[in-house]
Structures are given as structure tokens and as C-alpha cells.
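Trainee: What follows is each chain in one-letter form.
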Amino acid sequence: MDVLLQSLDIFTRLDVWFALLVGSIGGVIIGAIPGVGPAVAIAILLPATYSMEPIVGITLLIGIYGASMYGGAIPAILINTPGTPVNALTTYDGYSMTKQGRARRALTLAYWSSFFGGIFSVICLMLMTSVIAQVAPLFGSRDILMAAILGLVLVIISHRGQSLIAGVLVFLGMFISTIGMESIRYTKRFTFDQSWLNSGMDLITVLLGLFAMSQAFVLLLGNDSKVPMPDLKGQSKREGFYDLMKYKTVAVISASMGVIMGIIPGVGEFLAQFFSYNIANNISKKPERFGHGAPEGIIASEAANNAVPAAAMIPLLALGIPGEALTAMMLSVFYVHSIIPGPNLFINHADFVYGLYMSLFVVNILIMMFLLVATRPLLRIIQIPQRFLGVAIMGLSFVGVFSLRNSLVDCMLCAGFGVFGYILRRLKMPIVPIILGIVLGNIMEQKFRAGMARVKDFSDFIDRPISFSIFVIIIIVLVVHGRNIWRGYQTKQATATGQ
Amino acid sequence: MKSTEYLTGEKAFAVLMVMLSAFLLYSIPHETQWFNGMSLTKQPRFWPSMCIIGLSLFAFGHGFSVWLKGSSLDKYEKVDVSAEIDEIKHWFRPIEFVVYFLTYVIAVPWLGYLLATLAYFLFMTLRMGYRKKSMLWISAATAVLIVLLFKTLLQVKISSGAWYDLLPDSWATFMIINF
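Residue numbers (our numbering), protein chains in the order written: chain A, 1 to 499; chain B, 1001 to 1179.
One or more of the hints may lead you astray.
[As the list claims (entries may be wrong)] Chain B is faced by these chain A residues, among others (derived, beta-carbon under 10 angstroms):
1. Ile176
2. Thr187
3. Phe275
4. Arg289
5. Phe290
6. Ile340
7. Gly342
8. Leu408
Everything labelled a hint here was simulated from the structure, so no lab data went into it.
C-beta atoms are modelled at their ideal positions from N, C-alpha and C, and glycine is treated no differently.
Sequences are here, hints too, so could you generate the full structure?
Mentor: Printed below as a string of C-alpha cells:
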């Protein structure tokens, strides 16, 4: 209880409130502009947060993370263009409702569903804290290594139809993390006699290149397209709330799915919303409406999406394992301030953890208040010319990368990764596996070396109950994935023979 | 997320990844060290080798799958070599913007963050084809806002302009701290 009260102290601070406001409002705006997204914004802001106190910096980033998905629903519903990639499913039913003249209803339903998902997952996080605090210290190096391997396996197989390229990119990221001087024998690895590679490649440089610069190139080389905005005048703001109340089972199932998928490293929003959308479709009395303006469709995708950010903090805080790119970025803020996420965090910095939970709670309330009054002005922001947005993102990327060391080489590397990211985007290949490869690769090497001190052969890595359980999960996941691939192949063959 | 149809450029990218992994495999003995008498798993060479072996396996697997995808197309859809070359040319199009970006980076320590950012935004706005006065004003205002936010307010570490030294002391200090 003392810790809880202590954590409430953070709300007496002006800088925390400032971070909460900037994070939540800024996040909504960033999410509402198609082509920016939270990854770009967080990558740009990351170096600036290094000089802030950890709770302020993390609060700001969490605000952007959570709020962007609320904002991303606006263009998804109004102009059939998701503001962030995870709002893609919202377009199915949201845009259909707009075409039917029910845009305001779809928007408020998306806001309330997001709010429900967000608050639901924060409450789950709070309720689970005592369990997490007891379980997390049981994880040793070998268990964390196994959890990181599970994360990588899930990242690879969750890219359905692209598992092989996801594997290439994960291992490329892991390789990048090994470049430079290693910390045991202080020997150089893959520096090619270049002194600027001795300290390795900075995560921020790679992040900014792959996310921000590549996106800037896409926008700069694209066209400005003007889309007509639907009129929201004269439509009721309350219907969305009533819809949520009507389909509360769908909301609870979807938010639960978001929490479960958020906890599992490497899975995240995409699978959460696909699963919840399918479940909502299956339990619906009118499944034929899905994709044609079904309120349950919006509830399923938005409640699931917004339940993920808080849940994704669980593996990050408890084990130091980020589940996706955004929490991977946040991990670097923890390290800069010598707050090491992992089993001991709940013992050494319990007030910080509770403070973070409270911030997540407040962020959701602030976002909801902002959205209920500011939807109309936000419609103007959606219409910012895309190429000008590209100019701004490239200019902002400079701040992010140059402020690290004032180094031209960093900027060149960033631009190089930007071109690589641009190629990946053109080929519709995923970027996130590289980032997770870098972050998890680093963790895996450390834990592998630490674990080796206690093992005689490789079988000792799974002689602990936790590591063995995770190992079994990895095997099950791989077998199921293999079976799915085989079934897909057989279906394809059968179709080809039938033709 | 699901992608099963062939996209122009996929073959070239697969070849690039295979070449990269082959080069890294070849470089392992030259770019990492081996200590005699030390167990395999403790060698500094061990972990990068694992990553590169993983990379190579997936790169070859991906290359094979792309080849299968390309060869399963019917004769009217066969991979068009000239389209592949056009796609590769497209990959180099961002280089123009990389040049502008690096010019901006080099200009900052000379002109200072404020002037360099203003110049960058105005030039890029014109380069993107915006000619309206209002757009140029918006562009300049965005540049100033970014400098005020990051340098003046958040005090992000960005080197000051060389010409600031020519200013009187009090002005130079003001410019160094804020712009």
C-alpha cells in the first residue's frame, strides 16, 4: 500500500502531467496522420527523452504508443486509410459505416472501444502485478534466454506467408547486434578495420533509418492525394457508446485477447485483432454484416488493439524482453537511466512500476477527453500533404540521430538503413523483425554467456522447470506451424489438381 | 501480412541477401578471433557465427521460395527482366534525398541549427513542387517550431554554428544555448 501511495506522488509533478498531456494529445495527432505512426514518432523522440527523468520519458513514450491507435482509427473510418498499420481492420466496418452516413457513430464507437480496451488491460496489469512480482524473480538466465528464443520464433512465424524473409531479417538484426567490440575478451567483431564500427551500431541510428527515413522516402517519392472528408454535422455522439454497451461480450473478449497477445513476446496487435475479429464474427447473430458496417467489427479490432500496449509492458518489465518494436525502443530509455527491466525491477523500483501503471490509466482518460472535443480539428490534420510530411519526417530524423553523438557517420548509417527500409517497404516486407533481432539478439548473447557458466552441455539449458516449459511451448508452436504449412501446401495441390 | 504472389524485385532482393550471407560466412575467420584452448561456446566467434549461419539458412530458403514463386507463374506472367531492372533502379531513387539530408547534416555545424533547418525546409518544400506563398510560410514556421522545441526547450545536444563565434559574447552565448 505504501508503494502504491508513493507512486501517486508522481502526479504531483508538473513535468509528469506535461509528459502525459504531450504524449496523449501528440500520440492522437501522430496516429491520425496516415504515414507517420508511433514507431516513427518514438524513434525521433527517443534521444530527447534520455535527458528526462525515466518516469517522465517513459510516460511520454507510452502516451504516444497508446494514443496513436486511438488516432489511427479516425482516417481508417473516414477515408479508408488506417492511420497506423494496426488500424487496418477498422477500415472494413468503419469505412462501410461512413459510406452509410454513420461516420460519427463509427468514430465514437471506435473511441469507446479503444478506451475500454485500454482501461481493461491496465486493470489486468494492476491485478497481475503481485503474481508478476512473485513469478519474475524465478526467471534465471536460461529461462530468459528461452523466453527470448520463443519471442524470436513467434516473430518469425507470425509473419504468415513471409516467415522466411522474417527469419532472414531477424538473423540480420541479431548479426548487427554483434558488430563491434565484445565485452568479454574485448576483441573486435566484423568491424572491417573501421574505427567507427568499434562501438557497434547504435539501435537508435538503425531504428530511425528503418522506420523514419524509409517512411520519409516513401512519402517524398509518392503523390499528394486529396481525399474528400465526410460531414459529421448533425450526427449523434452517443450512439457509439450505446453500441459498446450492446455488444459488451465482444468488447470483453476482444480486450482479453489483446491482453493475452500483448503478454506473448513477438505477437502483438495484429494477431490480437485478427483473433478477436474472427471470434466476434463467429459469435455474432448477424455475421453477414461483418465487413459491411458491423459495430462488433469495430469493437473487436479497436478494443483488442488498445489492450496490447499495457499488456506488452509485462514481458518488458518482468523479464526485460520487448515483444515488439515500440517496447524495444522503450527498453533503451530504461538502460540509459540504469533501470534494468527484469525480475529485480519489482523489488528495487516498485514505485516506478506502479507509477507507470497509473500513468497508463491517466493517459487513456486524457485521450478520451481530448477526442470527444477535438475530432473536428483533427480532420484538418489528416489532410496534411504527404510529401510535405516526408520533408518534416526527414528533418526530424536529423534531430534524433545527430543528437546522439553529433556524428556525420551516424547520419550516413541512418540514411543507409533508410534506403534499405525503403526497399523493404516497396517489396512489402516487414521491418520489425530486424529491430527485434537486434534487441533480442543482444539479450540472448548476454544470457547465453551467463547461462553457460552453470551448464555442462546444451541439455542443461532446459533442465529448469520454466526453461523446459518454454522449450516445450517452442516445440509445440513449431509443430503447429509446420502442420499449417503442410495443410496449406496440400490444399494448394488439391486446388491445382482440381483445375 | 500474407504475401504469396510474386512482387517485382523479389528475386533481386533474394540474390542480394544470399550474396550478403555468403560474404559474411566467408568473413567469419577474418573478422572474429579464435582462442586456442577456450571452449567453443565461449569463443568470441561463436555468437556471430550462429547469427550468420541462421541468416544464411533463411536467405537460401527465401531465395529458393522466391525462385519457386517466380517459376510457378504462367508464361504470360513470367518474371520480366526489364521490370526487375526498373525496380532496382527505383531502389536508388531515395539517393537524391540522402544527398540533401547529408548536405543538411554538414551545414548544421557551419550555419547553426536554426538557419540550416530553415534552409533545408524551404529548399525541400520548393523541390517537392510547392510554390504557394502560404506553403512556404508553413514550411518556415515548421522549421522554427522544430528548432524551438528540440533545441530551445528540450536542449537536445546539437552543435552550434561556426559563425556564432563572430557575434558579440552575449549574443554568441544566447545563440549557442538556444539555436
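Trainee: Each hint needs a verdict: does it hold in this structure or not?
Mentor: Right, here's what the structure says about each hint:
| no. | hint | result |
| --- | --- | --- |
| 1 | Ile176 | holds, 9 angstroms |
| 2 | Thr187 | holds, 4 angstroms |
| 3 | Phe275 | violated, 13 angstroms |
| 4 | Arg289 | violated, 24 angstroms |
| 5 | Phe290 | violated, 19 angstroms |
| 6 | Ile340 | violated, 21 angstroms |
| 7 | Gly342 | violated, 20 angstroms |
| 8 | Leu408 | holds, 6 angstroms |
Comparing the model with each numbered hint stated earlier shows that hints 3, 4, 5, 6, 7 do not hold.
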